[in-house]
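Enquirer: Sequence:
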Amino acid sequence: MDVEQLFRLVKERYSSSAPEGFDLMLWGDLHTLFEPDENDEIWKDQHEYNLLSWRLHDFCGIHILLMNNGLAIHMLTEKKYPLSQEMLSKMLSTRLEVDHESSQAFELLRFIKAQEMEDQDMTMEEYVQYETEKALRNGKVYN
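Going by numbering that gives the first Met the number 0, 73 is the number at position 74 of the sequence shown; the sequence numbering is gapless.
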């Protein structure tokens, strides 16, 4: 079972009742991962967070922000989240931790940098395609 199937199952299970205990924690993490709402406290309180680490798990396409208060924010690499400019800057000034060199890590860094530079409303794939086309027009090719 992949994480998207898990989200669908949990969403279906709690469509008519409210989760409690550990189920509430799972529901909250999955909700943040798949249906981020900029009005949720996790996004509104970003100015209060001190970022300790930023880690990419490229085998599952998830990157995680770990804060000094113990909060961990899990995000899909191809999805744009309501991250503040301050948090984007913190992410870029904190070294992205990876297990091995990968094109996904490079693409994620470019995607986050683009969000920091301008508030573009595009997915990572759209941004990478845009940057690749721009590089080809300028005679620059990236590996």
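In case anyone wonders, no lab produced these hints; they're calculated from the structure.
The beta-carbon is built from N, C-alpha and C at its ideal position, and this holds for glycine as well.
Mixed in with the good hints there might be a few duds.
[What the hints assert, rightly or not] Just the calculated beta-carbon pair ranges, DEER-fashion: (1) P81 with L135: 46 to 52 Å; (2) L51 with E100: 18 to 24 Å; (3) G60 with T93: 17 to 23 Å.
Enquirer: Decide, hint by hint, whether the structure agrees.
Expert: Against the structure, the hints come out as follows:
Taking 46 to 52 Å as the suggested C-beta distance range, the pair P81 and L135 does not conform, at roughly 32 Å. Look at L51 against E100: about 23 Å separates their beta carbons, and that is inside 18 to 24 Å. In this structure the hint that G60 and T93 lie 17 to 23 Å apart at CB holds, the actual value being about 20 Å.
Hint 1 alone, counting from the list given before, is not met by this structure.
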